[in-house]
Amino acid sequence: MTRDCCLGIDTSCYTTSAACVSEQGIVFSERTMLSVPFGGRGLRQSEGLFQHVKQLAPILEHLFQSVERERIGAVSVSVKPVDAEDSYMPVFLAGYQTARAVAAALGVPLIETNHQCGHFRAAMVDNESLLGTTFYGFHISGGTTDLVRVKSDPQGPYSIELLGTSNDLHAGQFVDRVGVALELPFPAGKHLEALARKARRKDIKLGAAVKGTTCSFSGAESAAMRILQETEPEELAFGVYDCLSRTMTKMLRNAEQKNGTQPILICGGVASSALLRELLQNRYGQGLLFGRNELSADNAVGVAYIGWDRRATWNH
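Following numbering that gives the first Met the number 0, the numbering of the sequence shown begins with 0 at its first residue and continues without gaps.
For the record, the hints were derived by calculation from the structure and aren't laboratory data.
Treat the hints with care, as some may be off.
Calculated lysine-lysine pairs in the DSS-like style (CA-CA distance at most 27 Å, straight line) [claimed, not checked]: (1) LYS150 with LYS79; (2) LYS204 with LYS249; (3) LYS150 with LYS257; (4) LYS150 with LYS189; (5) LYS201 with LYS249; (6) LYS257 with LYS201; (7) LYS210 with LYS257; (8) LYS201 with LYS189; (9) LYS210 with LYS197; (10) LYS204 with LYS53; (11) LYS150 with LYS53; (12) LYS210 with LYS150; (13) LYS201 with LYS79; (14) LYS189 with LYS249.
Between beta-carbon pairs, the in silico distance windows are [claimed, not checked]: (15) GLY155 with ASP125: 19 to 25 Å; (16) ALA83 with ARG200: 19 to 25 Å; (17) ASP85 with ALA180: 21 to 27 Å; (18) PRO262 with MET0: 34 to 40 Å; (19) ASN314 with GLU60: 23 to 29 Å; (20) VAL66 with ASN258: 39 to 45 Å.
Quick caveat: nothing in here was measured; it's all calculated off a predicted structure.
For every residue, glycine included, the Cβ atom is placed at its ideal position computed from N, Cα and C.
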């Protein structure tokens with residue numbers, strides 16, 4: 000049987016996931032969110048690692064029930080958050096150690112990548128014209144507000160140059176902290192967006208603090224908390240997404256002014272918000288590219304595709 004699939008594994012801060020892709024597309028994809036107690040704003044790394052260990056085995060059991068193991072030609076795994084030497088989080092050890100064991104058992108290559116590259120590759124599933132090109136990437140999530148320049152080499156590691164980021168809270172932390180303060184479940188994104196959709200007034204303007212391509216959300220969070228009790232929850236929720244769109248647009252415009260124009264691909268869990276996409280397109284323009292909604296939040300599909308792109312190096 001031809002080894003025509005790549006298995007991908009990703010164990011991020013809040014999602015356990017595995018996927019399998021081939022020339023025909025996504026063969027298998029399953030993810031399970033980590034459990035955060037109500038009212039909590041996150042998990043310790045040790046607790047996240049423990050939950051990944053429990054959740055990854057059943058997901059892989061489901062995968063091997065759906066995909067014949069003889070078809071798997073490589074195992075790809077995210078081993079750290081981003082492409083930097085000092086990038087490290089213990090939660091990624093769960094996926095890495097499991098991937099090593101599976102690759103050894105199947106006798107196939109192990110391909111290492113990082114979580115951020117997985118996000119960008121997942122967003123390229125519907126934007127494959129970007130493969131092999133250089134573009135601006137904006138990764139917006141609970142742990143990342145990174146504006147980068149991506150050189151996507153389908154045959155090897157991507158080159159990612161950091162152009163700008165947040166110097167305090169990340170976009171997803173801003174969303175979650177306001178959401179939890181409004182007594183919404185964590186992670187709060189989809190719940191806060193649903194609330195924002197009900198807003199009748201849309202005139203709350205939380206400060207969009209941007210200097211060059213560096214942003215800050217701590218001031219906007221403080222302002223949101225100050226007006227929490229005197230503002231309708233729907234209006235405050237909309238104000239959060241309006242702040243995000245204004246902040247991101249300023250950062251993009253400043254990057255273009257300094258470095259020139261290039262295609263812009265936006266990914267990450269926060270970027271899966273349809274409301275945020277609408278606000279960004281209305282403010283920036285229609286030239287922005289987004290990944291498929293269901294592939295924007297953490298998942299192993301992009302990680303699997305990175306391994307699939309390197310299939311010329313597999314041991315056939």
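Taking the hints in turn, this is what the structure says about them:
1. LYS150 with LYS79: Holds, at about 19 Å.
2. LYS204 with LYS249: holds, 15 Å
3. LYS150 with LYS257: Distance ~18 Å between LYS150 and LYS257 Cα, so the pair holds.
4. LYS150 with LYS189: violated, 31 Å
5. LYS201 with LYS249: holds, 20 Å
6. LYS257 with LYS201: violated, 32 Å
7. LYS210 with LYS257: Between LYS210 and LYS257 the Cα gap is close to 13 Å, so the pair holds against 27 Å.
8. LYS201 with LYS189: It holds: about 19 Å lies between the C-alpha atoms, which stays within 27 Å.
9. LYS210 with LYS197: Since the Cα atoms of LYS210 and LYS197 sit roughly 32 Å apart, the hinted pair is violated (cutoff 27 Å).
10. LYS204 with LYS53: Status violated; Cα separation ~43 Å.
11. LYS150 with LYS53: violated, 36 Å
12. LYS210 with LYS150: holds, 25 Å
13. LYS201 with LYS79: violated, 39 Å
14. LYS189 with LYS249: holds, 24 Å
15. GLY155 with ASP125: 19 to 25 Å: holds, 23 Å
16. ALA83 with ARG200: 19 to 25 Å: violated, 42 Å
17. ASP85 with ALA180: 21 to 27 Å: violated, 32 Å
18. PRO262 with MET0: 34 to 40 Å: holds, 38 Å
19. ASN314 with GLU60: 23 to 29 Å: holds, 25 Å
20. VAL66 with ASN258: 39 to 45 Å: holds, 42 Å
The structure shown violates the earlier hints numbered 4, 6, 9, 10, 11, 13, 16, 17.
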